[in-house]
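*Asks:* Residues per chain are reported as follows:
2 protein chains.
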Amino acid sequence: MGLPSAEIITIGDELLYGQIVDTNSQWISQHLGLSGFRVVRRTSVGDVREDILAALAAAEQRAELILITGGLGPTADDLTRPVLAEYMGCGLSLHEETLENIRRLFEKRGFALSERNRLQAMLPESCLPITNHWGTAAGMWFERGSKVYVALPGVPYEMKNLMEHSLLPRLKQHFKTQALYHRTLKTSGIGESWLADEIRDWEEQLPPHIKLAYLPHLGMVDLRLTASGEALEPLQQEVQQQIDLLYPRIKKWVYGFDTDTLASSLGELLKEKGYTLATAESCTGGFVSYTLTSVPGSSAYFLGSVVAYENAIKELELGVQADTLRQYGAVSEATVTEMAQGVRQRMGADIGLASSGIAGPGGGTAEKPVGLVWIAVATPTGSRSRKLQLSQDRDLNIRLSTAHLLHLLRQTLTEND
Amino acid sequence: MGLPSAEIITIGDELLYGQIVDTNSQWISQHLGLSGFRVVRRTSVGDVREDILAALAAAEQRAELILITGGLGPTADDLTRPVLAEYMGCGLSLHEETLENIRRLFEKRGFALSERNRLQAMLPESCLPITNHWGTAAGMWFERGSKVYVALPGVPYEMKNLMEHSLLPRLKQHFKTQALYHRTLKTSGIGESWLADEIRDWEEQLPPHIKLAYLPHLGMVDLRLTASGEALEPLQQEVQQQIDLLYPRIKKWVYGFDTDTLASSLGELLKEKGYTLATAESCTGGFVSYTLTSVPGSSAYFLGSVVAYENAIKELELGVQADTLRQYGAVSEATVTEMAQGVRQRMGADIGLASSGIAGPGGGTAEKPVGLVWIAVATPTGSRSRKLQLSQDRDLNIRLSTAHLLHLLRQTLTEND
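Chains A and B supply the protein sequences, listed in that same order. 1 is the number of the first residue of the first sequence in full-length UniProt numbering; add one for each residue after it. 1 is the number of the first residue of the second sequence in full-length UniProt numbering; add one for each residue after it.
Keep in mind the hints are simulated off the structure, nothing from the lab. Owing to the predicted nature of the structure, the values given are computational and were not obtained by experimental measurement. One or more of the hints may lead you astray.
As the list claims (entries may be wrong) - Ranges of calculated distance between the beta carbons of each label pair, as one might list FRET restraints: (1) A/Y275 x B/G91: 52 to 62 Å; (2) A/Y275 x B/N311: 18 to 28 Å; (3) A/R109 x B/P248: 55 to 65 Å; (4) B/H217 x A/K252: 35 to 45 Å; (5) B/G89 x A/H165: 49 to 59 Å; (6) B/C90 x A/Y275: 38 to 48 Å; (7) A/G362 x B/R103: 20 to 30 Å; (8) A/A112 x B/A57: 27 to 37 Å.
Ideal Cβ placement from N, Cα and C applies to all residues, glycine included.
My request is simple: use the sequences and hints to build the entire structure.
*Replies:* Printed below as a string of structure tokens:
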């Protein structure tokens, strides 16, 4: 049994000009996928009648569900309502309930209703209007032959609410969708091709209805398993069995599952072990601290950080020895280790993290080139450090150093498990 | 004279599954637009041979330039190289220079070359390979009839570098694109509609070949002027004349031009005045410090930062009075002011910045709800603070607090100019 196919069309000149990132397409893709649809294509076109008509006609050839967002606003460049009416071969007429909804929203906000806003209640006659409780642009549902067309406003907050509360339940019912189940294993500390080599025989024995995808990002690789079938429960069991085979083989790189981040997984580990954490940063400039504190509830284990750009601050605030700085320099194993130990002691934390490096683009020498970074983790029983040779790109170096440092912390916390 | 048309095709199941946001399409749209192309459509397809072939054939009907990203990795689901070879009717063969580049990158990173990675040097025979100095996947340039096809890796950092350094110059030359001239005024501290009201009459007198775009982002608004015509030089003069009219009217909100960021402009101001800077952060968790140090050369004026998540650290490292914390709480004008003054004194800086707030999603009370943030700037002559009431979203609150704090610093540094 195949999954019903869906195509997403996003409409708006601002997309083609690159003025905004199309987050709607990502959200809709994800939620259609999780609801048992197979998204076969996403298309973005401008506010141009011919281009919208052509995109609709092409989508109709490929997909059973055509989901459109954008172009439902009250201004002259919003063409979706009249163009959909043209495409469906019907007229526009006033939909009283939609007008009432618009009037109610304007009253609530204390604004007077303009003639322009009344236009938003002129809907194609062949559509089933879907009331939008979160804004003035109604959703629309069309059926033609075996195809379903849905049009939604482009405002993300309105689109998401309409999808979650009205359209996804209706779509699942209409298409009697197949069950789909996803799990993602999140890894750090191993590259995509090494990981693929490591698990090749496991990957080759996967049944055809379970697909594997490698999703690399900034020094990490996500492994996503997607199973499809008649019912959800057996899929969940099958995927779990596959994960039980896979996990022990790559355990040392797996920091979490699904929505976990490396920072959130570390937070769970730290809470479990009852450890507190402090960081001392030079080249990462606060990004390690920001990444750790971006996790809600991180105040339970994160005490604080010292960003020590100047050597004097490294001495004063972190207790790095003047001798160490003089003899080895700021970017050295000796300095980064004293930084990690220093912040641990100063802040009374169980664990101290530190970074010191040359983020670039300037400041490199033959001996210490741009991209050279030292990282360290200090614990009550000692400390460990790593030397990294990264790129020429300042921001990339900051982000990669942070990923490596968090991975080193994870190694330290889990090696005796 | 029409602009040459372009279509962007992004390839990857992860896009259709909605696992990642397609930021590449936005970046490429923007940069093709700025280089004199008219993007007519964006299409995303999965890692499916037939779908990639169909998307290529359809794009060829519509656009003069077809720009493809993604699917160039070393794993089995990366199909772009073989499918492009099939579409162009040629074979794949080993490209020595690309293999050499891969080998060099692996050596630099201290890794052994795997068989899998050698695959990335098997390129379609009819392409002109574009060396990728930033990663292992080569870019490719094809010409067929009057059409140009370009394929780029999907890793944003690699794609952007290849575009900026190799492809955009080559594309502009190949298509002899119309002269386009852009200037952007960057503002902070004023909302889009207020800014529009402020400059309405200036905007109305702009000649038709000079377009104005409002680009709002995170509490700031960029104003981009785009002039098009036959030759560059007269366009530059005309745009400069328009800026000479506009700038004096909105001077107090303009922090810079073009590639300036608020942090880089502040860096220039601080260097000019010979001031040094230190920050004390609570709710922003290091993001203010990261933003300031993301500017190359910031070590000239940035001394360091203390991230004080725990109250004990606020006392110990920043000298906030225990009484102040007890009487007013950590999220208060009194505490944030002592934090700014404290870090200034402790680090021997001319200026201290501080933030303290409830980033959320937890930790709010009726009196101090989620999104309440206090920010402060301390100077040798005194200090000033602002109360912000932001959103329910943790990361948005961190970023908006940072933007407001940097704007407050800019106001402080420029008010007597």
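*Asks:* Taking the hints in turn, state whether each one holds.
*Replies:* Hints versus structure:
no. : hint                        : result
1   : A/Y275 x B/G91: 52 to 62 Å  : holds (57 Å)
2   : A/Y275 x B/N311: 18 to 28 Å : holds (19 Å)
3   : A/R109 x B/P248: 55 to 65 Å : violated (36 Å)
4   : B/H217 x A/K252: 35 to 45 Å : holds (40 Å)
5   : B/G89 x A/H165: 49 to 59 Å  : holds (50 Å)
6   : B/C90 x A/Y275: 38 to 48 Å  : violated (58 Å)
7   : A/G362 x B/R103: 20 to 30 Å : holds (29 Å)
8   : A/A112 x B/A57: 27 to 37 Å  : violated (51 Å)
Consistency with the previously given hints fails for numbers 3, 6, 8, ordered from lowest to highest.
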